[in-house]
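Chains as they are written, first to last, in our numbering: chain U, 4 to 347; chain F, 4 to 347.
Incorrect hints may appear among the rest.
Which copy is meant is left open, because identical chains are indistinguishable; a pair holds if it fits in one copy or across any two.
Unchecked claim - Cross-link-like lysine to any residue pairs, in silico, SDA-like; alpha carbons within 25 Å at most:
no., residue 1, residue 2
1, LYS269, GLY233
2, LYS104, LYS213
3, LYS40, LEU59
4, LYS200, ALA122
5, LYS79, LYS92
6, LYS329, ARG129
7, LYS218, LEU12
8, LYS106, ARG10
9, LYS79, GLU197
10, LYS52, ASN273
11, LYS83, ASP203
12, LYS261, ILE279
13, LYS106, LEU272
14, LYS274, ARG129
15, LYS338, ILE86
Simulated from the structure, these hints should not be mistaken for laboratory data.
Just so you know, these numbers come straight off a predicted model, no measurement behind them.
Protein chains: 2
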Amino acid sequence: MIDSQKRILTISIDCLGGDNYPSAQIEGIKLFLDKNKNSNVKFLLFGEKSILESYLGKFKIHKQYYELIDVDKRIKSEEKPSIALRNGKGSSMWLAIDAVKQKVADASISAGNTGALMAISMLLLRTLQDIDRPALAQMIPTEKNSSVTMLDMGANIDCSSDNLYQFAVMGSVFHEAIVGKKNPSIGLLNVGSEDMKGNDVVKSAAFRLKNSILKDNFYGFVEGNDILKGTVDVVVTDGFTGNVALKTIEGTAKFFAKNLKELFTKSLLNKLMALIMTKSFRSFKDKINPENYNGAMFLGLNGISVKSHGNANGRSFCFAIENTIKLIKNNINEKIIDMLIVEE
Amino acid sequence: MIDSQKRILTISIDCLGGDNYPSAQIEGIKLFLDKNKNSNVKFLLFGEKSILESYLGKFKIHKQYYELIDVDKRIKSEEKPSIALRNGKGSSMWLAIDAVKQKVADASISAGNTGALMAISMLLLRTLQDIDRPALAQMIPTEKNSSVTMLDMGANIDCSSDNLYQFAVMGSVFHEAIVGKKNPSIGLLNVGSEDMKGNDVVKSAAFRLKNSILKDNFYGFVEGNDILKGTVDVVVTDGFTGNVALKTIEGTAKFFAKNLKELFTKSLLNKLMALIMTKSFRSFKDKINPENYNGAMFLGLNGISVKSHGNANGRSFCFAIENTIKLIKNNINEKIIDMLIVEE
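Sequences are here, hints too, so could you generate the full structure?
Written out as structure tokens, the structure is:
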């Protein structure tokens, strides 16, 4: 994998997933190719051939960049993971992940059902050596105009301190690959910053981190308000708390957006102001929109399986492609294994 | 307590707590008395007599409404609860709570150190009959222009399903007393709305609720984004998750406020717009400001101990006084006991 900077990178894409398929996927590829002329990336597109062809034509994407695999079976967004596992074989999502398993693709991207994607990814790719439980990592914008990587976002409801330690390792490697920051700082999500705070699991995970190769990067405990403050680069937590925190952020963002909208439509004067400031508002919206920080990933599997936001548009799908390439080029899984071996 | 509508209600106030003491406390009383002419409320003010007298004079508060207790010992905002318990005797916070214990006051309010307030309240007031663990309840504004009551906000890190059930009882009684809504709906915070989601504790708490006198009010599982959406009236969770969620809301609110501020100061035109819209902005800010929903409470103690926001101003302190009176008049503790007895 050393020469991955030069060889052709292959990414399999589920073109029947998410709210805006296949336009988001194909427009994302188009935007990516526009930004990266003479790219060494090839896309395996799993979806309905005739429809895909019309989009590929519309966006003028050259044949050298893709290969079409005709599939019309898709996993619905409301499908339960257990049902998806049982009946999902042959679906676009399944085949896209299987391409990674078969080493035909270096990574896969899907904007489909998160639970199903997680279940199928685990079944097909299996857990990485020395990792007990894979985790879902997510990037979130911060006040500091940077991003924080948070994990686990819901793959593991009950976690041990060993799980949290492994999440810290995986999150660090992920953050370094995507953001390019060496030795990212790590915080453990807790209800206070003092040593005595929290439950036994976080306390013993903190002890473990303080005595590990990550000790110099370990910031200590962080609280809910530290996530968007950007206090640390990587926030580690169990899947229950992580999922609640992420959805609470989304809910609070919506609450603000709704109130702002009301403010700017409640009088003619306010409407006028909003109109004058359209451009400023757009940049504001871009900055606070979590969809512009697209690309969650299931870390800890024998292969790269990226989850794009379900309602991603072309721009955010392009962002997911760029992140996926960073993960491939940075040999993320090899680095995770190396770090855990050193520790043993 | 049946005639509590007519008799004098006595509220003890810690006048050495919070960021803005004693001005927030005294201004809060002034605003309350302005709104409630011929009030039957008397305040026991624990603080530095000479300073309090000058504020009471400034706000022209009549002597019939207060009694001064000269205290200069205060518990610092950064004091650890264990230290506060050991050394806090004789402090304004301690004495204000002790007045409730001695039945000299019907309730106490403090804007001081939350951890210390919780520890001292528990020590002096003790746990209510049939309650295993007291909880910290907090009201939060929602999209629906209503409020949601959330508990526990950090008093109990590890919770059993019995604890969660009791939180549901206490939260319902609290919400009904403050908001005046009969049979408030109850949601259990989880990582998904389906029955199979979550850990054993929430699953068995859900089972318990479905088979209790609260069954008709039990909505089921809710997620992080449901909190501010106002999906239910009462959100029940353990203290770890509740604390993380509350602080995540605060952090997200700050993130938005900071970005909005940047938006309205980045150009002369934008600054001008902000100036023109000052009034609209103020009402927007009021609506989204959690400080305007002031008054958390330790539920499940033999007495009413209200926690005001540390940086409350006069207006929000007045709000805490109004809520405290509702809790007294509604005999909140008697109702909690009744509901738990019915259940046994």
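Failing hints, ascending? 2, 7, 10, 13, 14 and 15
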